[in-house]
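From just these sequences and the hints, can you work out the full model?
Note that the protein sequences, when read in sequence, are chains C and P.
Sequential numbering from 0 applies to the first sequence in numbering that gives the first Met the number 0.
Sequential numbering from 0 applies to the second sequence in numbering that gives the first Met the number 0.
Honestly, the hints are just simulated from the structure, not real lab data.
There may be inaccurate statements among the hints.
[Unchecked claim] The list that follows gives simulated cross-link-like pairs (lysine-lysine, DSS-like), each with its CA atoms no further than 27 angstroms apart: (1) 231/C to 243/C; (2) 30/C to 212/P; (3) 179/P to 231/C; (4) 243/C to 22/C; (5) 231/C to 22/C; (6) 243/C to 466/C.
[Unchecked claim] Ranges of calculated distance between the beta carbons of each label pair, as one might list FRET restraints: (7) 196/P to 318/C: 32 to 40 angstroms; (8) 160/P to 226/C: 16 to 24 angstroms; (9) 309/P to 356/C: 57 to 65 angstroms; (10) 82/C to 373/P: 56 to 64 angstroms; (11) 160/P to 472/C: 51 to 59 angstroms; (12) 226/C to 226/P: 34 to 42 angstroms; (13) 89/P to 434/C: 21 to 29 angstroms; (14) 183/P to 22/C: 45 to 53 angstroms; (15) 348/C to 108/P: 56 to 64 angstroms; (16) 414/C to 164/P: 29 to 37 angstroms; (17) 171/P to 343/C: 26 to 34 angstroms.
Glycine is no exception: its CB is placed at the ideal position from the N, C-alpha and C atoms.
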Amino acid sequence: MAGNRLVTRRVARWLDTRLGSAKFARTALGKVFPDHWSFLIGEIVLYSFVVLLLTGVYLTFFFDPSTNEVVYRGSYEPLQGVEMTQAYASALDLSFDVRAGLVMRQIHHWAALLFLASMVVHLMRVFFTGAFRRPRELNWMIGVTLLILGIFNGFAGYSLLDDQLSGTGLRIAYSITLSIPLVGTWLASFLFGGEFPGPDIINRLYVIHILLLPALIIGLLVAHLGLVVRHKHTQFGGRGRTEKNVVGEPVWPRFAFKSIGLMLLTASVLAALGGLAQINPIWLYGPFEPAEVSSASQPDWYMAWLDGALRVFPPWEIRALGYEVPAPFFPAVLLAGITFGLLYMWPFMEARFTADVVEHHLLDRPRNRPVRTSLGAATLAFYTVLTLSGSTDVIATTFGTSVNGVLVACRVAAIVLPPIVALTTYRLCRELQLRDEDAGMAPPERPRIRWELLRVWELPKRRKQRKADARAEATPTPTTVD
Amino acid sequence: MSPDPHEPTPDEAAPPEESGAPAKPEGEVSLAAEPTIDVPAGDAPASGGAAGPERGCLGCGEGGEGGDGGPPLGGDRPTPADEAAARRAELAVASGFLLSTAGALGLAVVYWRGGQPQLEGLFLALALGGLGTGFVLWSKRFMPHEPVVEARHPIASTEEEVDRFREEFEQGEVILTRRKLLVRSAGLALVSLGAALLFPLRSLGPRPGKGLKDTPFARGVYLVTADNQRVRAADVNRNGVLTVFPEVEADPEHPDADPRPALQADSPTLLIRPAGTPRPRQGREEWTADGLIAFSKLCTHVGCPVGLYQADEHLLLCPCHQSTFDVLDGARPVFGPATRSLPQLPLGIDDEGYVVAEGDFSGPPGPGFWDRDR
Numbered sequence: 000m001a002g003n004r005l006v007t008r009r010v011a012r013w014l015d016t017r018l019g020s021a022k023f024a025r026t027a028l029g030k031v032f033p034d035h036w037s038f039l040i041g042e043i044v045l046y047s048f049v050v051l052l053l054t055g056v057y058l059t060f061f062f063d064p065s066t067n068e069v070v071y072r073g074s075y076e077p078l079q080g081v082e083m084t085q086a087y088a089s090a091l092d093l094s095f096d097v098r099a100g101l102v103m104r105q106i107h108h109w110a111a112l113l114f115l116a117s118m119v120v121h122l123m124r125v126f127f128t129g130a131f132r133r134p135r136e137l138n139w140m141i142g143v144t145l146l147i148l149g150i151f152n153g154f155a156g157y158s159l160l161d162d163q164l165s166g167t168g169l170r171i172a173y174s175i176t177l178s179i180p181l182v183g184t185w186l187a188s189f190l191f192g193g194e195f196p197g198p199d200i201i202n203r204l205y206v207i208h209i210l211l212l213p214a215l216i217i218g219l220l221v222a223h224l225g226l227v228v229r230h231k232h233t234q235f236g237g238r239g240r241t242e243k244n245v246v247g248e249p250v251w252p253r254f255a256f257k258s259i260g261l262m263l264l265t266a267s268v269l270a271a272l273g274g275l276a277q278i279n280p281i282w283l284y285g286p287f288e289p290a291e292v293s294s295a296s297q298p299d300w301y302m303a304w305l306d307g308a309l310r311v312f313p314p315w316e317i318r319a320l321g322y323e324v325p326a327p328f329f330p331a332v333l334l335a336g337i338t339f340g341l342l343y344m345w346p347f348m349e350a351r352f353t354a355d356v357v358e359h360h361l362l363d364r365p366r367n368r369p370v371r372t373s374l375g376a377a378t379l380a381f382y383t384v385l386t387l388s389g390s391t392d393v394i395a396t397t398f399g400t401s402v403n404g405v406l407v408a409c410r411v412a413a414i415v416l417p418p419i420v421a422l423t424t425y426r427l428c429r430e431l432q433l434r435d436e437d438a439g440m441a442p443p444e445r446p447r448i449r450w451e452l453l454r455v456w457e458l459p460k461r462r463k464q465r466k467a468d469a470r471a472e473a474t475p476t477p478t479t480v481d
Numbered sequence: 000m001s002p003d004p005h006e007p008t009p010d011e012a013a014p015p016e017e018s019g020a021p022a023k024p025e026g027e028v029s030l031a032a033e034p035t036i037d038v039p040a041g042d043a044p045a046s047g048g049a050a051g052p053e054r055g056c057l058g059c060g061e062g063g064e065g066g067d068g069g070p071p072l073g074g075d076r077p078t079p080a081d082e083a084a085a086r087r088a089e090l091a092v093a094s095g096f097l098l099s100t101a102g103a104l105g106l107a108v109v110y111w112r113g114g115q116p117q118l119e120g121l122f123l124a125l126a127l128g129g130l131g132t133g134f135v136l137w138s139k140r141f142m143p144h145e146p147v148v149e150a151r152h153p154i155a156s157t158e159e160e161v162d163r164f165r166e167e168f169e170q171g172e173v174i175l176t177r178r179k180l181l182v183r184s185a186g187l188a189l190v191s192l193g194a195a196l197l198f199p200l201r202s203l204g205p206r207p208g209k210g211l212k213d214t215p216f217a218r219g220v221y222l223v224t225a226d227n228q229r230v231r232a233a234d235v236n237r238n239g240v241l242t243v244f245p246e247v248e249a250d251p252e253h254p255d256a257d258p259r260p261a262l263q264a265d266s267p268t269l270l271i272r273p274a275g276t277p278r279p280r281q282g283r284e285e286w287t288a289d290g291l292i293a294f295s296k297l298c299t300h301v302g303c304p305v306g307l308y309q310a311d312e313h314l315l316l317c318p319c320h321q322s323t324f325d326v327l328d329g330a331r332p333v334f335g336p337a338t339r340s341l342p343q344l345p346l347g348i349d350d351e352g353y354v355v356a357e358g359d360f361s362g363p364p365g366p367g368f369w370d371r372d373r
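Here it is in structure tokens:
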């Protein structure tokens, strides 16, 4: 024991004399993190990404993203002698003839689902507690970018295998790209290397999936965590916790041990899922044939809202002067653009609408920000309906009703449900606040919401007023500017 | 020229993390069962600036704002009250680690014996889970849990720092702006370089052209199945559907190569013999042959193959987004997100009874795009 300690000491000393690491390490180990269960979700994102990297590297040793046609001679009997691409064949070999290959592939896929799921929940945590407010707007935007990159990389990943389901997904992606006005046909050609299916798409997706997007994600993750360190973590209010301090536990030793434990437990759950819960059984789908399709083609969950939007959006298109904007543009491109655009802009919109521009390090309880909370809940309701709409056919067959009926119900729900959820949430927040007041808790001071900004019809009048004010201010005191 | 860059800024002169931090010597962090309280009460008000002490415990000294003498948060919970409880906790942690060891051994044995995905996953989960549980229990039962307070510092730099930065930066800026010609020509060079670097992007794909709008179908082209067999009218039963493709000439350089008509992505076609009588569109009265009618198999929504034929309602259904087309009414979309009818293929029968195309589709097959009608 004593000898051990001596060796670590000597190593630490050696490093310190080269790097000056002791001072830095001491600061790092003493860094204080507030404790709350909801702060774990972001850690789960990080740890499922670690699992993704490890299993992903293993998979690249065996997967071959080539579209050369080969005849399958592996050990999966039903596909013996079938012509398929090298990509699909190597994915089959990986699953059946590489020992531990299947479990690695399934862990990888489950980890991708968890990565995105925990990212979305983490985003909800940050949104509903107001952790995106000044000074953390940039980190919020980095987080939204990470979500977008994660969605793209997930799609790229399951599209690599060139099975029937992924080929159908790629066909839809191609058509969505094609639907973009003016540049769509060029973009699609540049992405796929020609007309669908295109000679290069699998190869390009592979580079995108294993190099381009992971590198971006790693870079942004580092920036994201770096900013967390820079800003110091937010905390909920409570005794002794103020805007000027952080109350929690230092990294070393308890927090570090708990966090490593969480990483191992995350990996453990993913390993259990990867071993016991089958996911994406590509051998059942068969190789991709452009003329064929299987019923109940569902994408992974994080793409389901887009697929659902494609289903529920009415058959509207714009045709004028011989040009057209096809129907898929609106639900797939425009909706996605609006979704992420609003996410990016939210911190700034909220600051503007509440005239709240000061720094915040104490988190809101969602009930104390009823407007934000109800807007967020309504948004979640909308995207939940869209996600469910991605399975209209499955819902219809499961419950023995007509697909058309389910689809119409989804269309109605997508419009009706969000306002209902918003009103209910608002009411609920108010009730909870009243209960807090009864219990003797004073509601925290809230920034004034500037509802007048919503009255757009008053905009011209207000602008005129502002100008008049500025003139009135300018004339009596002719002070030099700056 | 500029101030010495090594001159300490106010922040560097007073490093923020210096005072009152956990007072443990490096390399000698004790993980023993008896927790040490990081910051004794007397240590807290070390720097005593406007933001309060850098770090301290809650409720001790003047550091604990709002603490007014109450007991510190968390209390002395982690110390197991008696030796027996500590022993039990130790056993729980150790059994987690032992479980993990067993899982790892199991994984190795399963792999050695030829591998089995379920068991591999299970043992891996056990190995990771045991270790994780051990770590979590260890930290929860045997490590100090004293809330520590750390001061926040303003994010923004002080006015003085900003001013100094601006001064230094502007010294460089002056040099930049003095030689207008150099700046402008450098800017021109950079813009040109950027534009030139865009050109290689052009190699990514061919110009999107007629390929999107037409298919190998033309007057006299035979319809073949996925196995490259020509089709006779009698091959399609009443209410039957057959997926067909245009026959492609074998590549003269590779006469043995299988042309694989099924690999053509834009020309799969449905040859249907509906039970009812189709109501032909204007100008398409002669496009059916011997009771057969043919439509593009690609949905006009996002191009999925329209794979389901509901014969008794003569409806074609796309399994991707449930667009539905009425075969008797020129494959008009009657439900779902599709906006256009499926393009129709004019059919004929040759002298030997094989089905041939009488031309290309009535419109570009598949999903819409910007200049589709041009």
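Structure-based check of each hint:
no.	hint	verdict
1	231/C to 243/C	holds, 11 angstroms
2	30/C to 212/P	violated, 62 angstroms
3	179/P to 231/C	violated, 44 angstroms
4	243/C to 22/C	holds, 24 angstroms
5	231/C to 22/C	holds, 19 angstroms
6	243/C to 466/C	violated, 39 angstroms
7	196/P to 318/C: 32 to 40 angstroms	holds, 37 angstroms
8	160/P to 226/C: 16 to 24 angstroms	holds, 20 angstroms
9	309/P to 356/C: 57 to 65 angstroms	holds, 60 angstroms
10	82/C to 373/P: 56 to 64 angstroms	violated, 37 angstroms
11	160/P to 472/C: 51 to 59 angstroms	violated, 32 angstroms
12	226/C to 226/P: 34 to 42 angstroms	violated, 60 angstroms
13	89/P to 434/C: 21 to 29 angstroms	violated, 43 angstroms
14	183/P to 22/C: 45 to 53 angstroms	holds, 47 angstroms
15	348/C to 108/P: 56 to 64 angstroms	holds, 58 angstroms
16	414/C to 164/P: 29 to 37 angstroms	violated, 52 angstroms
17	171/P to 343/C: 26 to 34 angstroms	holds, 33 angstroms
Violated hints for the displayed structure, listed by number in ascending order: 2, 3, 6, 10, 11, 12, 13, 16.
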